[in-house]
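K.L.:
Those protein sequences? They're chains W and P, same order as listed.
Going by the working numbering, 9 is the number at position 9 of the first sequence; the sequence numbering is gapless.
Going by the working numbering, 246 is the number at position 246 of the second sequence; the sequence numbering is gapless.
It cannot be assumed that every hint is accurate.
[Unchecked claim] Chain W regions said to be covered by chain P (calculated; three or more residues, Cβ under 8 angstroms):
#, segment
1, 66–72
2, 147–160
3, 177–190
4, 304–317
[To be verified] Which residues of chain W face chain P? A few of them, derived with a C-beta cut under 8 angstroms, are:
#, residue
5, 120
6, 169
7, 200
Since the hints were made in silico from the structure, they are not lab data.
This structure is a prediction, so every number in the text was calculated from the model and none was measured.
Glycine included, every Cβ here is placed at the ideal spot set by N, Cα and C.
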Amino acid sequence: MKMTSLQLLNRFASTATLSAMVAVTGVSSAQAQDDAELSDGGEKGNIAILVNSLDNPYYSAEANAAAQRAEELGYAASTFSHNEDLNRQRELISSVVGQGVDGIILDNADSSASVAAVRYATERDVPVVLINREIPEDGIAIAQLTHNNNQAASQVAQAFIEKVGESGQYVELTCNLADNNCVARSNAYHRILDQYPDLEMVARQDAGGDLVEAQQSMESILQSHPDIVGVVAGNGPVALGAIAALESAGVADQVTVVGIDGSNDERDAVLDGKLYATAMLQAQELARQGVNQLHQYLETGETGESERQLFRGILITEDNAESVNDFQYNDN
Amino acid sequence: MRSRLTISNTTIIKRSTGVVENHHSFPFSVTKCGAEMNDRRHFKRSLGMVLLMSTVAMTSGFKIVSSEELAKIRNEGSSPEVDTSSLFHDDITPWANSSSREADEVLSAIDDQSFSEACQEYGVQKSQAFPCTFWVQVAGTVDSVDTSSRVGKIILSSGDKDVEILIGPVIPNTTLRDGYPEVDYSDFGNQDAFATLSEGLNSEVLSLVDEVGEITPGDRVSVVGAFSTWDGQEDAVQIVPVALNRVNAE
Numbered sequence: 001m002k003m004t005s006l007q008l009l010n011r012f013a014s015t016a017t018l019s020a021m022v023a024v025t026g027v028s029s030a031q032a033q034d035d036a037e038l039s040d041g042g043e044k045g046n047i048a049i050l051v052n053s054l055d056n057p058y059y060s061a062e063a064n065a066a067a068q069r070a071e072e073l074g075y076a077a078s079t080f081s082h083n084e085d086l087n088r089q090r091e092l093i094s095s096v097v098g099q100g101v102d103g104i105i106l107d108n109a110d111s112s113a114s115v116a117a118v119r120y121a122t123e124r125d126v127p128v129v130l131i132n133r134e135i136p137e138d139g140i141a142i143a144q145l146t147h148n149n150n151q152a153a154s155q156v157a158q159a160f161i162e163k164v165g166e167s168g169q170y171v172e173l174t175c176n177l178a179d180n181n182c183v184a185r186s187n188a189y190h191r192i193l194d195q196y197p198d199l200e201m202v203a204r205q206d207a208g209g210d211l212v213e214a215q216q217s218m219e220s221i222l223q224s225h226p227d228i229v230g231v232v233a234g235n236g237p238v239a240l241g242a243i244a245a246l247e248s249a250g251v252a253d254q255v256t257v258v259g260i261d262g263s264n265d266e267r268d269a270v271l272d273g274k275l276y277a278t279a280m281l282q283a284q285e286l287a288r289q290g291v292n293q294l295h296q297y298l299e300t301g302e303t304g305e306s307e308r309q310l311f312r313g314i315l316i317t318e319d320n321a322e323s324v325n326d327f328q329y330n331d332n
Numbered sequence: 001m002r003s004r005l006t007i008s009n010t011t012i013i014k015r016s017t018g019v020v021e022n023h024h025s026f027p028f029s030v031t032k033c034g035a036e037m038n039d040r041r042h043f044k045r046s047l048g049m050v051l052l053m054s055t056v057a058m059t060s061g062f063k064i065v066s067s068e069e070l071a072k073i074r075n076e077g078s079s080p081e082v083d084t085s086s087l088f089h090d091d092i093t094p095w096a097n098s099s100s101r102e103a104d105e106v107l108s109a110i111d112d113q114s115f116s117e118a119c120q121e122y123g124v125q126k127s128q129a130f131p132c133t134f135w136v137q138v139a140g141t142v143d144s145v146d147t148s149s150r151v152g153k154i155i156l157s158s159g160d161k162d163v164e165i166l167i168g169p170v171i172p173n174t175t176l177r178d179g180y181p182e183v184d185y186s187d188f189g190n191q192d193a194f195a196t197l198s199e200g201l202n203s204e205v206l207s208l209v210d211e212v213g214e215i216t217p218g219d220r221v222s223v224v225g226a227f228s229t230w231d232g233q234e235d236a237v238q239i240v241p242v243a244l245n246r247v248n249a250e
């Protein structure tokens, strides 16, 4: 389970390269259904599951969990990837709606710009459950399930302070400030950290949620700020990128790194003592609950729940990292 | 969503469709026409323009509303404005005073029952996204006051578990917001607004602590407040106070 930072980097660089290729070509392994053809055979009908890149472990975990749950409930599940491309998302939704899909589980491409796409489906009597990312309007999607980013980031920030103390210089590498979830995490970090006047943020950079970009940013920042005590990262790949840079510079043991996501690679980094803490987002549970509520709506006309629902992020340290597997927490 | 046209401080709302349309501002208001325009022809032309637009508006399903109504409409679907001081003093504190249980009773229940049973009987948990919050009252002698961290604490002499009262200046959790049943995330629509509410409530706690003044070891205090926990396994409970009194102050 242990691996060096170079191995970690190589693994993520490969993923990043593949993701980039996917983004350019618009074709991924999960897009064998590139023409958005719905699967047949669901006793209760068809559900389409639309997420970002399926090469990303988070999106893969939520898509697989959603599909599995849909099939358990008697639906044929079809999974598609929009690769965070709004046009692609619009085409996919238009296509599956045209084919008579019964409901859509959507991790949308962009919180604000996706309102129209969700409305397109719901105006044609196709209910949409949003997972992971909310939209800024109520009453269009039948449910919006997202992670409690504030709670997750607050707990990580508190763990960070417990480790580094209440003074020193630190760096923030954000995940992607065009993403509302990343903004919420950054704000939550600062709600805690900014209450400590002797804890000084000396650099802040948006690493776009990407490991390689985070590593390059961290390398650059270290040139100007070699005496930092910590790095707070907006997501897992960014935290791992920072670790790679710190290891290259030979200062990893002097700098505390924390992140949010809870991938298996972060889990391993925590167990290796390289990542001090992270918050595991319950991607699988959130996706399953999304399907449950879509099913409930299709059966009864209502979900029985509030439209906006939060899911807890679970603080992960070396004490409980073994319980993490594919964004699922097993504490038995 | 309704679309609207604006004529100075009045607004026309289109009631028929859900389509957002352009927001037009006219160069003068109806009330200004007679008072400020000496040029009679200009006045007639302007008045004619207003009448024309009003006619168009009236015949196309638009309605004139006041600025106040517009503000209300604009706020529809957005986060509510919350007076955190009023919420703290007029709602949460009275509710806590009437709902809290003796800390010993609650802590015993957590130890003796399953955590979920104890939470169900004594606590508030709005969903699995939030820890269980227990509203408690406790009185005791101050064992120590720990201000070595910005998360300052009054530590009470007690039994098995340490009972700590958070006094700031940093209150790192969202216990009061999450433990008050009438506050729901669905009413806010975004996590930042929801977090801001918690910050406001925690600020009220700091004001409360300031009003009490310095507390030193040996003082007797009584507290009503809340602590939150995911599993009840912590060695100490950290109570966020909504009422804090020095019992021997008189």
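K.L.:
The structure should be examined with respect to each hint, and the outcome stated for every one.
P.N.:
Taking the hints in turn, this is what the structure says about them:
Counting residues of the segment 66–72 of chain W whose beta carbon lies closer than 8 angstroms to any beta carbon of chain P gives 0, which falls short of the minimum of three for the stated coverage. Judged by the Cβ-Cβ criterion of 8 angstroms, the segment 147–160 of chain W is covered by chain P as claimed, because 6 of its residues qualify and three suffice. Coverage of the segment 177–190 of chain W by chain P holds in this model, with 5 residues showing a Cβ closer than 8 angstroms to a Cβ of that chain against a need of three. With a threshold of 8 angstroms between beta carbons, the proposed coverage of the segment 304–317 of chain W by chain P holds, since 7 of its residues qualify and at least three are required.
With its C-beta approaching chain P no nearer than about 13 angstroms, residue 120 of chain W sits outside the 8 angstroms limit, and its interface hint is violated. With its C-beta approaching chain P no nearer than about 17 angstroms, residue 169 of chain W sits outside the 8 angstroms limit, and its interface hint is violated. Violation of the interface hint for residue 200 of chain W is found here, the shortest Cβ-Cβ separation to chain P being roughly 15 angstroms, above the 8 angstroms cut-off.
Taken one by one, the earlier hints fail for this structure at numbers 1, 5, 6 and 7, listed in ascending order.
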